[in-house]
Every structure is written in structure tokens, then in C-alpha cells.
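Visitor: All chains, full assembly: derive it from the sequences and hints.
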Amino acid sequence: MDGTGHLDDQESSFLLEMRARYLPVHGYLSLVVCIVGILLNIIIIDILSQKEMLSAVNRLLQAIAAADILTMMTYIPYSFFYYIMHGTEESEERNTRSATCYLVFHVIFSLMSHTISIWLTVTVTLFRYLHIGTQRGRKWCTVQAANLCIGIICVLSLVLYVPHMLVINIKQYSDNSTNFTWYHIDNDGSHYGNYKHLNMTQYVLLAIFVKITPSLLLIGLSGLIINFIVAAHKRYKAMRKNSAVGSELVSLSRDSTFSTYNQQLSLQSVKTRKKRKLMKSLNQRHRDKRAQQITKMILAVAIIFTAVELPQGLISVLCLFVKQFFEKVYWPLGNFLDLITILSCWVNFIILCGMSSQFWQLLAGRFKCLSCSKRSSSEK
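Each residue of the sequence shown is one higher than the one before, counting from 1 in our numbering.
Here are the computed lysine-lysine pairs in the DSS-like style, where the Cα-Cα straight-line distance is at most 25 Å:
{"id": "1", "residue 1": "Lys296", "residue 2": "Lys237"}
{"id": "2", "residue 1": "Lys51", "residue 2": "Lys368"}
{"id": "3", "residue 1": "Lys328", "residue 2": "Lys171"}
FYI, nobody ran anything at the bench for these hints, they're computed from the structure. Computed from a predicted structure; not experimentally measured.
Guide: See the structure below:
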């Protein structure tokens with residue numbers, strides 16, 4: 001970027017060259033990513049639907065998986081038609097009116113479903129913080145509250161994209177010398193009166209409410225959760241230290257010589273209380289360990305979503321304030337940003353498998369049941 005705030009041609013040419021090299025493989029790569037991602041998210045919904053997995057957090061994770069499935073489902077026809085079936089060059093077969101109409105639907109619907117996924121991620125992080133960080137969190141963070149939040153987020157996401165629907169239009173272009181006619185999406189809103197205001201509103205809403213604000217909220221909530229985890233770890237270490245002191249006292253009393261029957265009964269009572277306390281402590285440690293797994297899992301989801309969405313939000317803002325930034329940076333990087341977005345739809349499955357032992361056990365049990373049913377059917 002030069003001193004006047006404009007982008008150098010050398011920087012732009014590098015991005016355009018990178019785009020040209022990646023473009024031929026984008027269709028095939030995105031198609032594979034979407035198909036695998038849809039299957040992984042279907043598995044998430046199936047496992048989290050089990051009775052033993054019923055909770056507010058898991059209900060929100062199910063909704064995130066469903067939103068990610070919708071995002072990838074609309075991308076598959078777009079990727080196949082615009083990058084594989086008719087190549088990447090403009091043609092009458094590729095840039096038809098019907099194909100452009102589907103492209104409009106894909107743009108709006110995929111953005112809407114991805115917005116739902118982002119805000120549900122914020123909600124699940126908030127639920128987790130309220131659950132572990134406040135006294136009334138367990139009363140507030142119920143399955144019914146999760147269902148209500150899902151409905152509100154879906155409605156607000158639909159309302160948010162009304163300006164985006166208004167500025168999108170399909171324009172016809174033709175070449176008289178070759179009789180070549182093709183169609184493109186025009187998003188300047190020039191078919192309405194105050195089109196500049198609509199166009200500015202579109203980018204401001206998308207950048208602030210879809211990318212930057214959720215990312216900042218996730219950063220803040222993640223910081224609060226990390227602070228709570230650190231404080232809880234310090235308390236746990238202090239409790240272990242106090243427990244060790246108590247064990248030493250019991251050991252000393254065991255080594256003492258008891259000459260009376262009452263003293264022997266007292267020692268037996270101490271042993272019984274110690275066993276009960278130990279069992280209670282083990283059960284509590286198991287519950288605490290499971291709670292920590294859930295907390296760390298949600299924290300990982302929040303951090304990864306922030307790493308993906310915040311840079312895209314900043315790029316969208318720069319499109320408003322830096323001249324030719326959209327043409328020279330955002331457009332060449334568009335396919336890479338699409339790939340990163342659909343890859344982020346894999347995040348929940350990877351984290352659930354890696355950090356939730358209960359999810360992994362249920363998943364392994366489900367595959368075991370499927371293999372057993374196949375064997376029984378083959379034997380028959």
C-alpha cells in the first residue's frame with residue numbers, strides 16, 4: 001500500500017496470480033470439503049440427539065451443526081456448476097439467467113445460515129460462562145432457553161439480510177459482435193433510488209453484526225472463561241493441599257496405641273468417614289473433569305471461530321475505507337475465504353471427538369452397533 005492509502009499494482013498482481021493458480025482446483029476441493037463436512041455434522045446431530053447427551057449446550061451445538069449443513073448444501077451445486085461442469089471462464093452455458101438466480105439464492109441463504117452458526121457459537125459460549133461462572137446459570141441455561149435463543153437468532157438473521165436482498169439485482173450483458181449474452185449479479189442497488197445508502201448499509205451490517213461484533217464477544221467471553229478456569233485450578237490445588245494434611249492426621253491416629261474399646265470404635269469411625277469422603281471426592285472429581293472437558297471444548301470452538309471470522313470482518317471494513325480494496329484484495333481472496341469458511345464447519349466434529357470422551361464413546365458404540373447389524377444381516 002502506498003502513502004496515499006491506495007494499493008500497489010504489484011501487490012494486486014500477486015494476489016491475482018495466486019487466485020489464477022488456485023481457481024482450477026477450487027471446485028473439486030470445495031466439493032470434497034462440503035460432502036465430508038455434511039456427513040460429519042450429520043454424525044454430530046445424531047450423537048447429540050441421544051438421551052444421555054440432552055443439555056442446553058448440546059442443543060445449541062446441534063443447531064450449529066444444522067446451520068453448517070445448510071451452508072455447505074447450497075455451496076455444492078454452486079461449486080459444481082460454476083467451477084467443474086462449465087469451467088471458470090464466462091460462457092453462455094455457464095452464466096445463464098437460471099444459474100445466476102441460483103447464485104443469488106446461494107449468496108443470501110449461505111450468508112444467512114453462516115450468520116446463524118456464528119451467533120449460535122456466541123450463545124453457546126455465553127451459556128457455558130453463565131453455567132460455570134454464576135449461581136443462577138443452571139436455572140437460566142435450560143434446553144427451553146436454548147430453543148428460544150435458536151428461534152430468535154434465526155428470525156434476526158433473516159431481518160439482518162433484508163438490505164442485502166434489496167441491493168442484489170441480476171443484469172444482462174450482451175456482445176453484439178458475437179451475439180453472446182450472459183448474466184451477472186449486480187449488488188450496487190442502482191435499481192432503487194438511494195442506492196449508495198443501501199450499498200453502504202449492506203457492508204456495514206455484514207462487517208459489524210456478522211463478523212466483528214461476534215468475534216469481539218467471543219474474545220471477551222473466552223477471556224472470562226479462561227479466568228474462571230485458572231481460578232478454579234488454584235482452588236483445586238489448595239483443596240488437594242488441605243486434603244493431604246488431613247490424610248497425615250488420620251495416618252498418625254492409626255499408628256497410635258488405643259488401649260480402650262471406645263478408642264478402637266473411634267478409629268473405625270474415622271476410617272469409615274474417610275472412605276465416604278474419598279468416594280465423594282472421586283465422584284466430584286469425575287464430574288469436575290467432565291465439566292472441564294465441556295468448558296475447554298466450547299472455548300476451543302470460540303477461539304477457532306474468532307480466528308476465522310475476525311480477519312474476514314476487518315477485510316470487509318477495509319473495503320469501505322480503502323479505495324479499490326474490494327477489486328484488488330477482497331475479490332482475489334474470495335475463493336480462499338470461501339474455503340476457510342466451509343472448513344470451519346468441520347470444527348465442532350474435530351473438537352467433540354478430541355475433547356469429549358462421552359461423545360467419542362457414543363460414536364464408537366454407534367459404529368459398533370452398525371457393524372453388528374451388518375454381520376447379523378449377512379449371516380441371515
